[in-house]
Amino acid sequence: MSLRESFLVVMDTDLLKTFMEVSRTRHFGRAAENLYLTQSAVSFRIRQLEGLLGVELFSRQRNNIQLTPAGEKLIPLAESSVLLEQRIRHEVAIADDRHYQFALGATPNLWDAVLQQKLPALLRRPGMAVSAMAHSSSALVRQILERSLDLALVFDAPKADELVTREVLSVPLVMVASESCRQWQEAAELGYVLVDWGTSFRIQHAQEFKGMAAPVLKTNTGRIALDSILMHGGAGYLPATMVAPYLESGELHEVSDVPEMTRQVFASYLSTRKDDELIGDIINQLLESGHHE
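Residue numbers (our numbering): 566 to 858.
Hint data in this document are derived by calculation from the structure and do not stem from the laboratory.
Predicted model only: the values in this text are computed from it and were never measured.
Beta carbons are placed, not taken as given, at the ideal position from N, Cα and C, and that holds for glycine.
Mixed in with the good hints, there may be bad ones.
Derived DEER-like restraints, expressed as beta-carbon distance ranges [what the hints assert, rightly or not]: (1) Gln-682 to Arg-627: 51 to 57 Å; (2) Lys-839 to Ser-701: 56 to 62 Å; (3) Gly-815 to Lys-839: 22 to 28 Å; (4) Val-729 to Glu-644: 16 to 22 Å; (5) Gly-798 to Asp-726: 44 to 50 Å; (6) His-592 to Val-729: 20 to 26 Å.
BS3-like cross-link-like pairs, simulated, lysine-lysine; straight-line CA separation at most 30 Å [unchecked claim]: (7) Lys-724 to Lys-783; (8) Lys-724 to Lys-839; (9) Lys-839 to Lys-638; (10) Lys-683 to Lys-783; (11) Lys-683 to Lys-724; (12) Lys-839 to Lys-683.
Starting from the given sequences, assemble the full structure and let the hints guide the process.
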């Protein structure tokens, strides 16, 4: 292995992944969209990579981006380096009886709503060490595409040709209030807490509750909303499983005369891993316990 090839092994693989996406699409704008980055960020990464290597990787002409001879040579080396990074991550993760690491990501409100309760079952899988990450939907999709995340769970299905996306969970949401209320107008007067449960929820909520006063609190985390309602009073839509103990104890009350809200949860992963048995097993585990909760 040459000195330059050795250097690629320790190079920031984000630069190489960006280079691979630009070389695949031959378009900085489309590469930026696929990686959930700005076009300027993609251009900066390519310039940084070219500066590190001391060569031009693309010939840039109007609406025509082509690999230079140096860029052509870099393609297999970049692919090898990215695969090596994945192998290193898995090998380093091995400790005692943990034979492989699985990186699972979800939005913060999804962890609060359902995944926190499901994590112990994943941890009990023999030989598996779990990396549990909370990020925005766009960041999760970018990490999947960059191969730093194995599986992402989101409320809004991402649109990317490189991904396989499946519905795996259905999460019923109920409006609860700190005092007994029948209609949403009464509940809203207590101080409404608006939780962001994704795009379709926002659309349905806006249609159903026209004329509702501005919420006293907006958050993308169910736990923050629940704690606020319990401590200071108020009302809001929260997952049925999250509020069940508080409804039973009488600390919260379900607002009955309101529209039903249900959110679907989607699992996304790289299409190249569609035959990965571990991903299939974990998705099936979520399916087995998801729709009847």
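Is 44 to 50 Å a correct range for the gap between the Cβ atoms of Gly-798 and Asp-726? Given about 47 Å between the Cβ atoms, the range holds.
Per the hint of 22 to 28 Å, is the separation of the Cβ atoms of Gly-815 and Lys-839 within bounds? violated, 48 Å
Is the gap between the beta carbons of His-592 and Val-729 within 20 to 26 Å? holds, 23 Å
Measure nothing beyond the straight line between the CA atoms of Lys-839 and Lys-683; if it is 30 Å or shorter, mark the hint as holding. Roughly 22 Å between the alpha carbons, so the hint for Lys-839 and Lys-683 holds.
Is the Cα-Cα distance between Lys-724 and Lys-783 30 Å or less? Satisfied, since the Cα-Cα distance of roughly 27 Å is no more than 30 Å.
When you take the CB atoms of Lys-839 and Ser-701, is the distance between them in 56 to 62 Å? violated, 25 Å
Range hint 16 to 22 Å (beta carbons of Val-729 and Glu-644) holds or violated: holds, 21 Å
Do the alpha carbons of Lys-839 and Lys-638 lie within 30 Å of each other, as the hint requires? holds, 29 Å
Take a quick look at whether Lys-683 and Lys-783 sit within 30 Å of each other, Cα to Cα. holds, 26 Å
Gln-682 and Arg-627, beta-carbon distance inside 51 to 57 Å? holds, 54 Å
Distance restraint between Lys-724 and Lys-839, which requires alpha-carbon spacing of 30 Å or less: Since the Cα atoms of Lys-724 and Lys-839 sit roughly 16 Å apart, the hinted pair holds (cutoff 30 Å).
Next pair to validate is Lys-683 with Lys-724; report whether the Cα-Cα distance is within 30 Å. holds, 26 Å
Going through the hint list in order, the structure does not satisfy hints 2 and 3.
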